[in-house]
Amino acid sequence: MSDKYTQFVSRGFGRDLAGRLGLPRPVELRRYMAGSPLVPGPVLVIGRQDEGQGKEPEALAAELLSWGLDVRRNALPKEKLGAIVLLLDEVRRPEDLEVPVLTAARSLRDLAAGGRVVTVSRTAESSADPAEAAARQGIDGIVRSVAKELRDGATANGILLGSDAVPRSPGTLGALRFFLSGRSAFVDGQFLTVSTASGRQPGDPDKPLAGKVAVVTGAARGIGAAIARTLHRDGAAIVAVDVPAAGDHLAEVANEVKGTALQLDITVPDAGDRIIHHALERHGSLDILVHNAGITRDKLLANMDDGRWRSVIAVNIASQLRINDAILGSPDLPVAPRIVSVASTSGIAGNRGQSNYAASKGGVIGMVRASAPLLAAQGGTINAVAPGFIETEMTARIPLLTREVARRLNSLQQGGDPGDVAEAIAFLASDAAGGISGEVLRVCGQNLVGA
Amino acid sequence: MPEAALSPEESHERQGQPLARARGVRKAVVIGGNRIPFARSGGAYTRSSNQDMLTAALDGLIARFGLQEERLGEVAAGAVLKHSRDFNLTREAVLGSALSAETPAYDLQQACATGLETVLGLANKIKLGQIDSAVAGGVDSASDAPIAVSDGLRGVLLDLNRAKTLSARLKVLSRLRPKDIAPDAPDTGEPRTGLSMGEHQALTTAQWKITREAQDELAYNSHRNLAAAYDRGFFDDLLTPYRGLTRDSNLRPDTSLEKLATLKPVFGKTLGAEATMTAGNSTPLTDGASAVLLGSEEWADERGLPKLATVLDGEAAAVDFVHGKDGLLMAPAFAVPRLLARNGLTLADFDFFEIHEAFAGTVLSTLAAWEDEDFGRRRLGLPGAFGSIDRSKLNVNGSSLAAGHPFAATGGRIVASLAKMLHAKGMVDGRPARGLVSICAAGGQGVVAILEAYPAAEGGQA
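Residue numbers (this note's numbering), protein chains in the order written: chain L, 1 to 451; chain A, 1 to 462.
By construction, these hints were calculated from the structure, which means they are not laboratory data. Heads up, some of the hints might be wrong.
[To be verified] List time: in silico DSBU-like cross-link candidates among lysine-lysine, alpha-carbon distance up to 30 angstroms:
no.: 1; chain 1: A; residue 1: 125; chain 2: L; residue 2: 258
no.: 2; chain 1: L; residue 1: 258; chain 2: A; residue 2: 27
no.: 3; chain 1: A; residue 1: 209; chain 2: A; residue 2: 82
no.: 4; chain 1: A; residue 1: 393; chain 2: A; residue 2: 209
no.: 5; chain 1: L; residue 1: 55; chain 2: L; residue 2: 78
no.: 6; chain 1: L; residue 1: 258; chain 2: L; residue 2: 207
no.: 7; chain 1: A; residue 1: 209; chain 2: A; residue 2: 269
no.: 8; chain 1: A; residue 1: 425; chain 2: A; residue 2: 125
no.: 9; chain 1: A; residue 1: 393; chain 2: L; residue 2: 258
Bear in mind that the values here come from a model prediction, so they are computed numbers and not experimental data.
Assemble the whole structure, with the sequences as input and the hints as a guide.
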């Protein structure tokens with residue numbers, strides 16, 4: 001589902017016209033569909049090949065082969081590539097980047113529409129050596145620049161390994177599969193850090209959440225409904241939560257995904273206990289919790305009143321903290337769930353008229369980082385997804401011109417779908433993301449603000 | 001959620017067991033309920049049909065309990081004001097819902113007792129082991145009421161259809177008279193007396209000397225109690241919004257005894273005695289639908305569903321209002337004493353009384369009859385008065401005067417709410433909390449029932 005402009009410039013006359021006038025030329029993004037190929041062509045795996053360090057690239061290539069992919073260790077002339085995987089975990093000095101990066105450069109023009117560039121490297125923070133840290137941090141700049149250079153819905157993203165993770169850790173492979181696939185269509189110029197070797201690859205990549213019970217708040221419409229649908233598609237049983245006043249839409253979503261509807265105001269003191277009780281009594285476990293419910297009460301800070309401020313804080317962040325406390329303190333949950341919280345690029349870059357909303361969404365990011373060790377102690381994870389401009393009922397109400405500018409201000413030159421946010425959440429909620437916690441993943445098409 | 005993947009043999013065995021058992025019947029439990037907010041006629045649901053509303057009530061129930069594509073034992077519901085095309089109303093609603101299309105359904109109609117009677121009938125089937133699960137419900141639309149053509153026009157149209165030649169057709173058509181064109185609109189009048197329900201109740205209200213003040217106070221309490229129940233979230237798991245309504249549109253949280261006292265009487269104005277029945281202490285015409293999920297204990301347990309209350313027993317009664325022996329809506333005054341006697345109970349053994357407020361006068365006349373020595377001796381055959389109730393246990397979360405009364409939907413509203421109240425109450429003095437439901441109906445009928453909290457010791461959780 002792309003906007004009308006994107007449809008117009010995707011083909012024929014519209015495409016020629018936009019090209020001649022130098023207008024943005026967004027394309028319809030390659031999105032995940034069960035059964036469709038993971039990538040739109042062969043995968044070129046590039047790693048350091050000097051100094052006898054070829055083991056990891058070979059092993060990774062073998063892993064990708066086992067996924068049924070067509071893998072190249074060297075590019076063939078004029079062959080279109082589905083993806084380029086750049087293994088840079090061994091770089092020690094900035095000069096080490098030259099050979100692999102320029103090898104990749106020679107194949108960039110061969111990248112198919114909707115193709116992927118994915119780097120695998122180590123976090124700069126995990127090195128005490130200035131030269132090594134410089135080389136590692138340099139990769140950040142490379143990925144973000146390549147992402148802006150790519151066209152036709154191709155994206156570039158990076159995986160960062162913490163000191164306890166290796167290229168073949170489940171989390172690395174899970175993130176790699178996510179970035180390669182259509183599930184990451186609107187994720188561009190972003191990094192995911194894999195901090196531990198925990199996690200597990202799914203038995204069936206099309207049903208990564210099989211047997212899981214997922215609670216989604218704010219599930220009655222928009223992004224929340226898309227999250228419920230996506231988690232259900234991936235195999236999870238759904239508890240759809242929303243305020244009683246949204247109960248009719250909630251019932252529709254619950255019936256569509258064959259889950260249960262829980263009409264609940266998440267700001268009540270016992271919301272966490274009621275969610276836990278419902279999930280356990282009806283579905284036997286609580287494996288995934290998605291904090292999606294959120295409200296906006298926009299007003300310039302100079303005109304802000306306590307009602308608008310208080311309600312946004314209460315719904316968007318205070319309720320999440322209280323529910324997480326209930327989960328961490330519950331004797332009925334032997335293993336803590338995987339929690340994914342919806343933040344916003346407003347919480348990163350700020351937004352005029354949204355000081356209250358930005359406070360709450362910035363709060364989500366702070367909560368996620370500080371909660372990761374608490375969840376880890378009980379076997380759980382917590383991450384956030386920060387959507388950029390997403391085409392929803394809410395953004396459809398933005399005045400036409402403002403909306404048109406907002407949706408083009410990213411590398412993919414279009415707004416994302418609610419489903420794009422849901423895909424990122426589904427990945428972070430899966431066992432394959434077990435080694436990923438305390439992270440904030442932006443789903444914004446590499447929005448030019450706040451990157 | 002565990003699937004109910006029983007093999008045919010297992011299923012057969014399970015259903016056959018209770019019949020074979022010497023202990024007799026098993027329990028039928030109320031698992032939960034759902035209704036749409038009730039709307040005053042001509043309001044939010046003006047464009048909604050009975051089938052639309054019943055389907056919405058079912059879909060909300062299905063969503064709440066995760067029953068998508070489930071084959072239930074049976075669904076029974078009905079409507080009092082019913083189009084002839086809705087001969088299979090409930091089955092059509094099931095087909096339009098998220099339930100399995102293999103769920104059988106039937107329509108039932110017993111005027112305002114329809115909803116409660118579906119609960120009793122289906123609970124009995126569960127108790128006997130004929131079915132393991134059921135949805136009982138009801139719906140009514142006074143906005144989308146059927147309008148029939150006159151008998152004259154109907155006769156002409158039917159004969160026209162049978163006429164074979166042009167001349168025969170013209171002959172039939174020549175019988176048509178202007179008065180035949182006027183349609184027959186439904187009304188709530190009793191066919192045998194020509195009196196409306198309100199006029200009938202006005203006779204009874206006057207007979208039992210029920211004051212205007214007492215009626216207004218009951219109406220006031222109904223609004224106050226219902227508003228308080230909404231405010232504390234009581235209906236969060238009993239109701240699903242519909243067509244923009246999130247609360248019953250008849251509810252007036254800010255009404256007062258003073259405001260109610262200003263309303264002009266609408267019924268009983270020609271009785272000679274002072275007229276006491278107003279629009280404030282009578283129920284308005286209402287649109288709405290409700291549904292109650294029932295099951296055996298095993299069926300609920302297999303799905304991890306709550307067990308709120310058991311349907312203990314029910315009783316129907318009818319009175320001879322045609323000859324004026326009793327008031328039209330007084331049948332429950334007879335049904336309740338019989339039901340309680342059969343179960344060895346008195347009014348003091350109950351924690352909640354849900355007496356349907358068709359009119360405030362109906363509730364108060366019934367209570368007055370029970371407290372009357374003469375009525376107890378002569379009409380009930382008791383040594384004295386049947387008894388009185390603790391008024392603080394009456395309609396504690398409001399009733400029809402505040403919520404409105406979509407005829408067939410009222411029983412489901414009451415049963416689901418009462419089951420939730422009983423479950424929260426749990427045990428009282430070592431016995432399960434107990435509730436009495438009483439619903440009067442047109443034709444001089446009444447249906448009453450006893451519900452008990454599901455035993456807390458056996459897995460109830462408040």
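Structure-based check of all given hints:
1. Between residue 125(A) and residue 258(L) the alpha-carbon distance is near 27 angstroms, which keeps this suggested pair within the 30 angstroms criterion.
2. At roughly 28 angstroms between alpha-carbon atoms, residue 258(L) and residue 27(A) fall within 30 angstroms of each other, so this suggested pair holds.
3. A distance of roughly 36 angstroms separates the Cα atoms of residue 209(A) and residue 82(A); the hinted pair therefore is violated under the 30 angstroms criterion.
4. Under the criterion of a C-alpha separation no larger than 30 angstroms, the hint pairing residue 393(A) with residue 209(A) is consistent with the structure, at around 23 angstroms.
5. Restraint check for residue 55(L) and residue 78(L): satisfied, since their Cα atoms lie roughly 27 angstroms apart, inside the 30 angstroms limit.
6. At roughly 16 angstroms between alpha-carbon atoms, residue 258(L) and residue 207(L) fall within 30 angstroms of each other, so this suggested pair holds.
7. In summary, the hint linking residue 209(A) to residue 269(A) is supported, as the alpha carbons are separated by about 15 angstroms, within the 30 angstroms threshold.
8. For the given pair, residue 425(A) sits about 27 angstroms from residue 125(A) by alpha-carbon distance, which is consistent with the 30 angstroms threshold.
9. Annotation: proposed proximity of residue 393(A) to residue 258(L) is violated, straight-line Cα distance about 39 angstroms (limit 30 angstroms).
Against the hints set out earlier in the document, violations occur for numbers 3 and 9.
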